[in-house]
Structures are given as structure tokens and as C-alpha cells.
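Turn these sequences into a full structure, and let the hints guide you.
Next come the chains, spelled out residue by residue.
Protein chains: 2
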Amino acid sequence: MTSDRQRKARARRGGTSVSYETAHTLSRRQRDISVSEFFLKNRHLLGFDNPRKALLTAVKEAVDNSLDACEEAGVLPEISVDIEQVGTSRFRVSVTDNGPGIIREQIPRIFAKLLYGSKFHRLRMSRGQQGMGISAAGMYGQLTTSQPTVILSRTGAREPAHHVEVMIDTRKNQPVVVRDRRIDWRPEFFTTGETGRTQRISHALHGTMVSIVLEGNYIRGKLSVDEYLRQCAVVNPHLELHYRIRLPGDGAAPWIRFRRATERLPPRPAEIRPHPHGVELGMLIQILKDASQRTLKAALRENFCRVSSRVAEEICRRAGLDPGTRPARIAQGDAERLYKAISHTRIVRPPIDCLSPIGEEQLLLGLKKEIQADFYTAVTRPPAVYRGNPFQIEVALAYARPGENPDLGAEDPVRVLRFANRVPLLYMSGACAMTRAVASANWRNYGLSQPRNSLPLGPMVVLVHIASVWVPFVSESKEAVAHYPEIVREMTFALQECGRRLAVYLNRRRRQAEAQRKLQHIEKYIPHLALGLKEILALSERQERAVVNRLRESLERSRLQLSNRGKG
Amino acid sequence: MTSDRQRKARARRGGTSVSYETAHTLSRRQRDISVSEFFLKNRHLLGFDNPRKALLTAVKEAVDNSLDACEEAGVLPEISVDIEQVGTSRFRVSVTDNGPGIIREQIPRIFAKLLYGSKFHRLRMSRGQQGMGISAAGMYGQLTTSQPTVILSRTGAREPAHHVEVMIDTRKNQPVVVRDRRIDWRPEFFTTGETGRTQRISHALHGTMVSIVLEGNYIRGKLSVDEYLRQCAVVNPHLELHYRIRLPGDGAAPWIRFRRATERLPPRPAEIRPHPHGVELGMLIQILKDASQRTLKAALRENFCRVSSRVAEEICRRAGLDPGTRPARIAQGDAERLYKAISHTRIVRPPIDCLSPIGEEQLLLGLKKEIQADFYTAVTRPPAVYRGNPFQIEVALAYARPGENPDLGAEDPVRVLRFANRVPLLYMSGACAMTRAVASANWRNYGLSQPRNSLPLGPMVVLVHIASVWVPFVSESKEAVAHYPEIVREMTFALQECGRRLAVYLNRRRRQAEAQRKLQHIEKYIPHLALGLKEILALSERQERAVVNRLRESLERSRLQLSNRGKG
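Heads up: the protein sequence lines correspond to chains A and B, in order. Per the working numbering, the first sequence starts with residue 1, numbered consecutively. Per the working numbering, the second sequence starts with residue 1, numbered consecutively.
Hints are all accurate, no fakes.
So these bits of chain A aren't anywhere near chain B, every CB distance computed over 12 Å:
1) His238
2) Pro402
3) Ala546
Sample of chain A residues facing chain B (criterion: CB under 8 Å; computed from the structure):
4) Arg31
5) Ile285
6) Glu476
Below, a list of computed lysine to aspartate or glutamate pairs in the EDC-like style, where the Cα atoms sit at most 16 Å apart:
7) A:Lys172 / B:Asp32
8) B:Lys172 / B:Asp32
9) B:Lys172 / A:Asp32
10) A:Lys119 / B:Asp32
By construction, these hints were calculated from the structure, which means they are not laboratory data. Think of the CB as a built atom: it goes at the ideal place given N, C-alpha and C, for glycine as much as any other residue.
Below you can see the structure in the form of C-alpha cells.
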């Protein structure tokens with residue numbers, strides 16, 4: 001027996017009275033959970049685990065969106081990232097681009113609604129995949145600072161610019177517009193000269209600026225925004241990037257400029273239809289249900305890639321189905337037979353023009369621009385397929401001479417830079433197939449020392465890039481690539497090819513150093529040689545000097561030859 | 001200029017023609033993505049990475065739901081898990097419980113709608129947290145086999161049972177009922193005797209059966225359904241569990257019975273309100289907005305735990321706010337001041353009656369029931385708090401004599417069994433705070449050998465359990481606990497306490513073994529001793545035998561004393 005007072009006391013302690021449920025009381029507690037509420041409570045899943053990572057994730061989502069938008073619109077991207085600390089652990093992140101802009105009606109949903117976007121329902125290579133990132137960043141900002149996301153956008157010279165401020169109603173996963181006006185605005189980009197003077201260096205007639213205030217923490221180093229942007233510049237050599245971070249007491253922070261190394265936009269990847277061998281039974285049924293075609297044969301041909309009329313007929317024959325049947329009828333009954341028939345039919349691999357790798361030339365441009373080293377090489381593998389999805393692996397190396405690059409210690413493990421669809425991956429390297437592929441290659445074969453099952457040691461950067469219509473990440477914060485055997489195999493091949501080239505370089509350098517050492521040795525003896533000759537041949541001082549000079553000249557020639565051979 | 005034929009050829013290859021987007025064409029591609037579509041594409045996030053794990057995850061979600069339902073309704077749980085292989089890589093998983101049942105109207109949404117449930121919006125310790133699991137299992141089954149989820153349920157003796165079959169419309173994240181009828185059914189439980197005869201041993205008048213056909217793979221071992229259920233029985237000693245797996249060619253598979261070790265249901269954990277120190281600014285604003293109270297003071301007192309009128313007044317005073325203001329007004333303007341004031345106010349830690357640990361006694365019961373060993377010990381720590389959430393750590397050890405338990409090798413790393421709110425965690429042990437805590441403790445102090453930074457070696461099982469109103473998992477497949485320092489610290493304390501007790505046992509055993517060795521040594525010499533005595537004292541053969549026997553008896557007595565001391 002619980003008295004009222006006891007119950008009240010318990011209620012004050014925070015507990016409520018304990019009584020058992022029945023099916024009926026349980027049913028009254030059942031409720032919908034909005035996807036925003038879910039990810040707000042589980043925000044670590046989207047990369048907002050802690051203030052440091054949150055700052056990086058917000059920058060990353062905004063920059064990825066800007067790059068995707070520019071490339072889709074065929075615009076050479078120019079982007080500025082402006083970070084300002086506005087409180088003890090509070091930062092304003094503003095990212096401006098010269099992209100196509102966003103029409104007014106779409107702004108609220110793009111920036112304040114989870115699971116809304118253009119990239120989820122298609123098979124095309126792009127940085128974004130989910131339609132979550134930028135809204136999640138805004139939601140995190142709102143949770144921690146209660147500030148709205150501010151968006152400025154303009155779609156062309158003759159269009160007005162819009163200033164829209166949005167918050168997200170997490171109960172409903174719907175945007176709430178808190179401010180909305182037309183303004184006079186265009187994206188502008190700044191740089192700080194060597195004299196410390198900041199000036200506008202360019203502007204555009206269309207583009208978008210997004211600004212989010214959030215709880216963050218700025219620490220330099222491997223997991224910092226700085227590192228992220230530097231790596232971004234490496235794999236996007238067509239990007240012109242401006243970056244500034246203003247911390248209290250830092251004085252006038254300068255704009256850092258990452259210049260583009262090429263004016264060539266990457267070729268625009270094509271969208272593809274799903275490959276029949278990458279589709280599960282349930283998906284097949286959905287496709288048949290949705291099909292607008294009137295016959296099974298046409299539905300197979302039009303909704304999948306690599307299915308010609310002949311292939312479609314073969315599939316129907318194997319399944320014992322009439323090619324003229326209505327697709328929706330198959331969905332209800334014979335889908336499983338159709339599914340089995342598909343898996344037993346030989347179908348050409350998916351097309352590969354949907355991939356846009358960086359390319360060996362551009363990779364070298366990017367690496368040379370940002371990483372000081374002596375030897376560079378790059379390999380772009382031919383496309384391959386995992387679970388019906390085309391993908392392509394690229395690997396590049398930069399190897400520095402001793403002391404050439406203070407970031408690269410001769411005794412340290414090599415630095416691995418990981419990229420997926422041109423986006424740098426900073427966190428979770430231990431869980432990533434790329435790191436494992438680098439550690440699994442046998443670098444001793446190529447002249448590096450390497451502890452068992454670990455990264456090799458040396459003043460080297462290894463860059464690994466996967467391009468795919470659907471990158472298989474191990475979590476939706478998109479930080480590590482899953483271990484598909486097909487993907488690991490391609491990485492291994494590319495690493496081996498780069499390794500062989502590295503071995504050639506290291507051997508040559510070793511031979512060269514050896515020869516150099518010999519020459520230096522000889523040089524030491526030239527004066528003694530000349531002295532001996534002088535005594536034997538009774539030369540004058542002047543003749544002795546001439547002998548020394550001639551010997552030096554001939555030595556210099558062979559040295560030159562050596563070093564030219566070295567460069568060849 | 002692309003001719004029609006070229007375009008057609010390209011379309012056949014699977015590509016579509018490439019043209020750049022504008023803000024307007026881009027906007028037409030923007031679409032809502034349903035949460036089902038999202039998790040269907042990203043199903044590895046929910047534990048459906050591969051067929052083996054999918055089978056385990058489906059069983060796990062169903063059993064967790066059954067246990068939660070039974071405990072909420074105050075019913076001693078009896079559950080049967082029946083797995084049947086029905087195709088090459090196809091399994092039917094059927095889980096039956098004697099829980100309260102589910103009323104007909106709720107069945108479709110509970111089993112075929114993601115993010116729907118009773119556990120997300122409350123702070124109460126339970127196995128389920130998200131309202132995702134069982135619907136996700138059904139969705140995976142539907143994707144891979146196109147079979148509906150079948151549910152039988154009955155809420156009481158006088159109620160009809162319902163047979164409902166549901167599928168999920170992934171475009172809308174809505175259930176579709178494909179069959180619905182009243183039937184005559186009640187949950188029944190079976191066992192197979194030693195003679196191989198299967199018979200019904202019990203039934204209930206309410207309960208639920210859920211059956212899902214899915215693509216799966218059954219492999220025995222550490223990550224198997226068998227192991228999951230065995231561990232379930234360890235930490236739920238009040239559970240009566242029946243398990244059968246029917247594989248083709250296996251003949252009549254027997255029901256395996258895990259008997260309950262106690263008739264005592266765990267005390268029902270209370271629901272608590274959030275603690276002010278665990279709430280972010282955005283959440284505080286939401287609470288104030290939703291508050292039905294008319295004053296700020298009342299809103300603080302009624303919506304949070306540990307806030308008395310006095311504490312509420314102190315918070316208002318610090319924030320410079322009138323305690324009589326309407327809460328919704330604060331939400332719009334001064335929430336940040338209020339938030340800061342809360343963080344500077346001392347508030348008692350959250351209540352702990354919301355936790356229901358297993359308890360040392362029950363832990364020992366569970367361990368002894370399922371793991372053959374010589375020494376058992378268990379520690380339940382007092383409750384602690386991380387980020388405003390109460391939690392409690394329990395650790396138990398079982399140490400076997402050499403050769404006593406074939407599963408536990410003397411030279412192998414110890415086995416770590418991990419549990420969160422009584423649910424076994426099988427995957428991702430490397431990423432889990434529990435594994436790290438065990439490897440970080442200094443087991444050499446307690447008499448075990450231990451490689452650097454690794455698990456100790458020995459014939460031992462270490463069980464770690466966290467009970468919390470909100471377990472911080474590293475991913476929503478709920479397989480590893482995040483590294484909160486407060487949580488790791490509590491684990492370390494509990495492990496050290498168990499370690500000290502283990503050291504006492506191991507020392508005693510060592511001394512005992514030493515003494516035993518001495519006794520055996522003496523025993524060897526008894527016949528020689530008797531022979532000597534016989535010669536000296538000129539005893540008869542009979543007298544010699546009597547001497548030997550007396551010496552043996554006295555030796556036996558000291559051996560008994562030793563071993564009794566050992567058990568004390």
C-alpha cells in the first residue's frame with residue numbers, strides 16, 4: 001500500500017509510481033517517432049558526436065553540397081569557408097559558393113528537413129548520397145545554440161537574391177521559416193595579400209551562402225577543418241578555395257587561398273539504371289509494380305541497364321513467363337521465378353561512363369600543389385563492379401627526400417589520405433578498407449621497412465580514392481569504406497603498381513647516392529693527384545692549378561650525367 | 001550533336017545523356033525520402049549486413065520485444081524460438097511468447113512501420129530503445145523473400161486471437177495488411193525428452209507469435225543464434241526458453257530447454273523525467289514550448305527530475321527571470337540565460353530507482369546455470385551518472401579448473417560476455433568500452449598472465465553488464481557501448497573488485513595444490529614406511545597391512561580438511 005505522500009515523494013525524486021501494463025495500456029503509449037527526433041537523439045550517427053567533430057562535419061556537409069551543385073551545373077567551383085568563434089564554445093560556420101543557386105521554394109526543405117534531396121533515388125556518382133547532411137548540421141546548431149540556419153541564394157544575374165532563415169520542427173521533421181526577404185546580394189570572394197590587406201578578388205552572379213551557429217571546438221591537427229580543406233584541394237584541383245578562421249585574440253585572421261591547378265571541370269558522370277544482378281527480390285518487385293511499361297519484356301529492358309530485347313526474352317524464357325505479361329501481374333505472383341532466372345542469365349557488366357575518376361594527371365597536379373615531395377606517381381585502375389555497382393580505384397604516392405617535408409618523418413608510418421567520390425575521410429581510419437589495403441601490401445618488396453600487419457614507414461603520403469555510384473560506407477557519418485573483397489582487390493592492384501614505380505625510384509636514388517659518394521671521394525683526392533703529377537712532371541704552380549681545374553670539370557660532367565639520368 | 005541512334009545506343013548501355021543542371025532543373029529532382037527507403041538501402045546500419053548476421057538480428061529483435069513486453073506486464077517470461085531452413089539460404093524464424101499480447105489495431109504499425117513504438121519518448125530502462133528493430137527485420141525479410149511478416153496474438157482468455165499478415169510500403173513507411181482473421185490460438189511451448197519424444201509442456205492464455213521468412217545463413221559458433229540465446233539465459237535467469245533449429249537432413253531436431261533459475265521477476269524499473277544537467281539548449285526550449293504549466297517555476301519543477309520549488313526559484317533568480325513568467329515566452333527569448341543558470345546551479349543527481357540491475361545473486365545463478373566452472377563471483381556497483389543519465393555496472397567472473405570446461409582453454413584469452421539492459425552483445429567487441437575496460441585492467445596483479453594491452457589469458461569468463469535508461473551505443477545496430485569516461489571508470493572499479501576476489505581464490509588453490517602434491521608424495525612412501533616398521537618391530541603381514549591402512553586414513557583426513565578449507 002502506497003500512501004499519497006509516499007507517491008508524491010517518489011514523484012519528486014523523479015520516479016513515477018510503478019504499475020504493470022496490459023495490452024491496452026501498452027497500446028496507448030505507442031507513438032510515431034519522427035526521423036528528426038530519432039537523429040537528434042542519435043546524432044553521433046551523423047557525425048555530431050562531440051563539439052570538435054561537429055564543427056568539421058558542418059563544414060564538410062556544406063562544402064560537399066557546394067561542390068556537387070557547381071559540378072552538376074557545369075560551373076568551375078569557387079568556395080569560401082569562413083569560421084568565426086562567437087562564444088566560449090560557439091562557432092559561426094559560413095560557406096559561400098558560386099554554384100547555380102537554389103530557387104526560393106526549395107530552400108526550407110533542403111536546409112531544414114532530414115531525408116529530402118535529389119541524390120538518394122538515383123545511381124549517379126556524387127558526394128552527397130542521403131539528403132541528410134546539411135539539415136542535420138542545422139538541426140545540431142539549433143539544438144546547441146537555438147540559432148536558425150541562414151541561407152542567402154541567387155539563381156542568376158536577373159533574379160533577386162533571397163535571404164531565408166529556417167529552423168526545423170523536429171516533431172514533424174518539417175522546416176519552419178523564421179525570416180524571408182529579398183535582398184541585394186551576390187557571392188563574393190576575398191583574399192589577404194602578403195601585406196596583410198584583405199581585398200575582394202572575385203564575385204559571381206549566382207550562388208549560395210549558408211551560415212550555421214553551433215557548439216563546436218577548434219583544434220588544429222589531423223582531424224581539423226584545416227586538414228579537411230587541404231585534402232579537399234588535393235583531390236579537387238579544379239576548386240578555388242578560400243578559408244579563414246577567426247579566433248578571439250588572434251587579431252585580423254588572413255584569408256588562406258588554395259588556388260585551382262586546372263580550369264578543367266571533371267567530366268559530368270552519367271546517371272545509370274540499376275544492373276539486374278545487383279537487385280534483390282523485394283526491389284525487383286517494387287520496380288515491376290512501378291513500371292509504366294505494358295509488357296514484362298519492355299519493363300525489363302527499360303528499367304535496368306544492360307538488358308537488350310534479346311536478354312529480356314532470354315530471362316522470360318528461363319523463367320517460363322510470357323514476355324507480353326503485364327509487369328504488375330508478375331509482381332504479385334511469379335517474381336521469384338523471374339528473380340532466379342535473372343541470376344542465372346549472363347548479363348554484360350554495368351556501364352562505366354557513370355564514373356568520373358580524378359585521373360592520373362589531375363591527381364599528380366593536386367598532390368604536387370599541396371604536398372612537397374621528390375617523387376610522385378599515380379594509378380587509375382579500370383572500373384570494376386561490386387554488387388551490381390560500378391566503382392573505380394585510384395592510388396597516388398608522394399615520397400619526400402630526407403628533411404624535405406617537415407610533416408613527413410623518415411621513421412614514421414606513412415600518411416594515408418582517404419577519399420570517396422572526392423571527399424576526404426578523416427575519422428575512423430582503423431575501420432576503413434583503404435587503411436587495411438595499404439597495411440596489407442608488402443612494402444618491403446618496394447624498399448620500405450614495414451612492421452608486421454602495419455603501415456610501412458617512410459617520408460611518404462599514400463592517397464587512395466574510390467569513385468562509385470554508391471560508396472559502401474560502414475556508417476552514415478560516411479567515414480570509412482566497407483570491406484568488399486572486390487574493392488580491396490582493386491586497391492591492392494593499384495598499390496602494387498605504385499609500389500613497383502616507387503621501387504624503381506628508390507633504387508635509382510640509392511645508386512645515385514652511391515655514385516655521388518664516390519665522386520665526392522675522388523674530389524677529395526684531386527689536389528693530391530695534382531701535387532703528385534706536379535712533382536713527377538715538374539709542373540709549374542699555374543700548370544698544377546690547370547690540372548686541378550680540368551679534373552674538376554670532368555668530374556662535374558659525370559655528376560651532371562648522373563643527375564640527368566636520375567631525372568629521365 | 002548527338003543523333004537519335006547514338007542516344008538510343010547510350011541508353012541501352014545504361015547511361016543517360018549528360019547535360020548540365022540549372023537551379024530549376026535541380027529543384028525538380030528534389031524528393032522526400034522515406035525512412036524505410038533510407039534504412040532499406042542502408043540496412044547494414046540496423047544489423048542486416050549479411051545473411052548470417054541478419055538471421056541473428058531477426059531473432060534478437062523478436063526476443064528483446066518479447067522480454068520487454070512480458071516484464072512490462074509483470075508476466076514471468078516463457079519464450080520459444082523456432083528456426084527452420086526452408087530454402088537454400090532461406091529461413092523461417094518464429095518467436096512465441098506468453099506476454100500480454102498486442103491489440104489488433106496496433107499490430108500493423110508495430111510490425112511494419114519503422115520509428116513507431118512506446119520506448120523512444122521516455123526515460124525508462126528497456127531492451128528496445130528506437131521502435132525500429134522488429135519492423136526492420138520484417139522489411140529485410142520482405143526485401144529478400146517477398147514474404148509478409150505473420151503475427152498471431154491474443155490479449156487474454158476471453159479475447160479472440162488474431163492472425164495478421166503485414167508487409168511494409170517502403171515508399172510511405174506504412175503497413176499494408178495482406179491477411180487478417182480471427183483464429184482459435186494460444187501460445188504453446190514444447191520440449192523434447194531424452195527418449196526423443198516432443199511434447200507440449202505448457203501454454204498461456206495470452207501472448208504473441210511473430211514469424212518472418214528471410215535470407216539467412218546459419219553457422220554455429222561465437223556469433224550464432226545458439227550463443228545469443230545461451231547468453232540471454234545467463235542474464236535473464238527468470239526466463240524459460242525453448243529453442244529448436246531445423247536444418248535439412250538433420251532429422252527430427254529436438255527442442256532445447258533453458259530452464260529458469262528463479263521465479264522472481266526483476267523489479268520493474270520506473271520511468272524518470274530528464275535531469276536538468278543532461279539537457280541541451282534546444283531540448284530545454286522544446287520542453288518549455290510544450291509545457292502545460294502556467295509559470296516557469298512550475299514548468300521547471302514538473303518537467304525535470306530533482307527540481308524542487310526551491311531549486312526552481314534559485315534557477316530563476318540566477319537567470320534574472322520572473323518565476324511567474326509563462327514558459328512559452330521564455331522559449332522565445334531568454335532560454336539561453338535560463339540554460340546557463342541551470343548549468344551553474346547545483347542539483348541533486350538523478351534518481352536511481354529507474355534502474356533494474358540483475359543483482360549479484362541472480363548473476364551468480366545465471367552463470368552457474370550455463371557455464372561450468374569452479375569459482376564464481378559477481379559485483380553490482382552503485383548507480384552512477386553520465387550526461388544526466390543514470391546507469392549501473394555489473395561484473396561477474398567464472399573461473400574453471402584445468403580441463404573442467406572444454407570451452408575455456410588455459411592459454412586462451414578470457415571470454416568476455418557483454419550485455420546492455422540484459423541483451424547480449426555479440427558483434428563489434430573490438431569497438432566496445434567493455435572489452436577495452438577488461439583489457440585495460442591489470443590482471444597480473446590478480447595472478448593471471450596478460451599480454452600488453454590485451455585480454456588476460458586463462459580458463460575464465462568475464463561478464464560485464466550495463467543497465468541504463470539510455471545506453472550510449474556506438475551505432476544503431478546496438479552492438480558496442482561508447483567510451484564515456486564515467487562508464488569506463490565504473491567498469492574498472494567492478495573488474496578490480498572481482499579481480500581481488502579471484503586473486504584470493506587462485507592463491508588458495510595454489511597453496512592447496514602444493515599441499516596436495518606433498519600428500520601424494522607422502523602416500524608414495526607409506527608402503528616403504530610400513531615395510532621399515534615391520535622389520536624394526538617384527539610385525540606380521542596382517543599388522544603391516546593395518547599400519548598401511550591407518551596411515552592412509554589419517555592422510556585422507558588431512559586431504560579432506562584441505563579441500564573443505566578450499567571450499568570455505
